[in-house]
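A.B. asks: Each chain, written out:
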Amino acid sequence: NAGVTQTPKFRILKIGQSMTLQCTQDMNHNYMYWYRQDPGMGLKLIYYSVGAGITDKGEVPNGYNVSRSTTEDFPLRLELAAPSQTSVYFCASSPWGSGAPSYNEQFFGPGTRLTVL
Amino acid sequence: GENVEQHPSTLSVQEGDSAVIKCTYSDSASNYFPWYKQELGKGPQLIIDIRSNVGEKKDQRIAVTLNKTAKHFSLHITETQPEDSAVYFCAASINAGNMLTFGGGTRLMVKP
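Note that the protein sequences, when read in sequence, are chains X and Z.
First residue of the first sequence? That's 6 in the numbering used here, and the numbers climb one at a time after it.
First residue of the second sequence? That's 7 in the numbering used here, and the numbers climb one at a time after it.
With the rest of the complex left out, here is chain X (with noise of 0.2 angstroms):
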């Protein structure tokens, strides 16, 4: 298993550009995450899918946008990028209510550093 991948690894973005990072989970989870991490702060959930069509926000989701239309796969969306979103993007899935005896763990890809000049 791949695990979580995610792309690009980096990216620098100019203010007001739009951009897809990618996320692909091979585990077949059907809970998938967003979070951002500012430098030197804990992550933030951005937005959270509990399975194939089913999306809703988290603490930060204002200026992205995320859909889900399948198992393995939860883009997340910025449009207009801002200076704020400059951060570290990481994307993560649970086998959360699979009855799974690691049921609660969450597995995270290796993130994308995103800058916006």
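These are computed hints drawn from the structure, not numbers from a lab.
Each residue gets a CB set at the ideal place from its N, CA and C atoms; glycine is no exception.
Just so you know, not all the hints are guaranteed correct.
Pair ranges (Cβ atoms, derived) [stated by the list, open to error]:
id, chain 1, residue 1, chain 2, residue 2, range
1, X, 67, Z, 32, 21 to 29 angstroms
2, Z, 77, X, 43, 39 to 47 angstroms
3, Z, 51, X, 56, 23 to 31 angstroms
4, Z, 113, X, 107, 24 to 32 angstroms
5, X, 82, Z, 48, 32 to 40 angstroms
6, X, 21, Z, 84, 48 to 56 angstroms
Place chain Z on chain X using the hints.
C.D. replies: Showing chain Z alone in chain X's frame:
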């Protein structure tokens, strides 16, 4: 909503010493408390967790304790090794891990 405070923000210890990281949470309904380790350039990885019906859990050199009355929980690492150097995050959840609120992180440095 839930608020998680984590201390200290940085911790430097000598190899072989113990390290303790403390977290407090605000929502008494929280029932699941994981600890994640983040190595440089990687995503966080779960190292240990504890549920609200347990006061202590141990896994080799790491242990976690939970005091529900005081709403705080701690990570204990004994016999620290250089490979323990990383950023550690605590988190709390009111729904058994589906939604996590993270603390601000502790950068642990183990000096050889």
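A.B. asks: A separate judgement is required for each hint: does it hold in the structure or not?
C.D. replies: Going down the list of hints, with the structure as the test:
1. 67(X) - 32(Z): 21 to 29 angstroms: 23 angstroms, holds
2. 77(Z) - 43(X): 39 to 47 angstroms: Hint violated: Cβ distance 25 angstroms, outside 39 to 47 angstroms.
3. 51(Z) - 56(X): 23 to 31 angstroms: 24 angstroms, holds
4. 113(Z) - 107(X): 24 to 32 angstroms: 27 angstroms, holds
5. 82(X) - 48(Z): 32 to 40 angstroms: The hinted range 32 to 40 angstroms is violated for residue 82(X) and residue 48(Z), with Cβ atoms some 25 angstroms apart.
6. 21(X) - 84(Z): 48 to 56 angstroms: 52 angstroms, holds
Hint violations for this structure: numbers 2, 5, all remaining hints satisfied.
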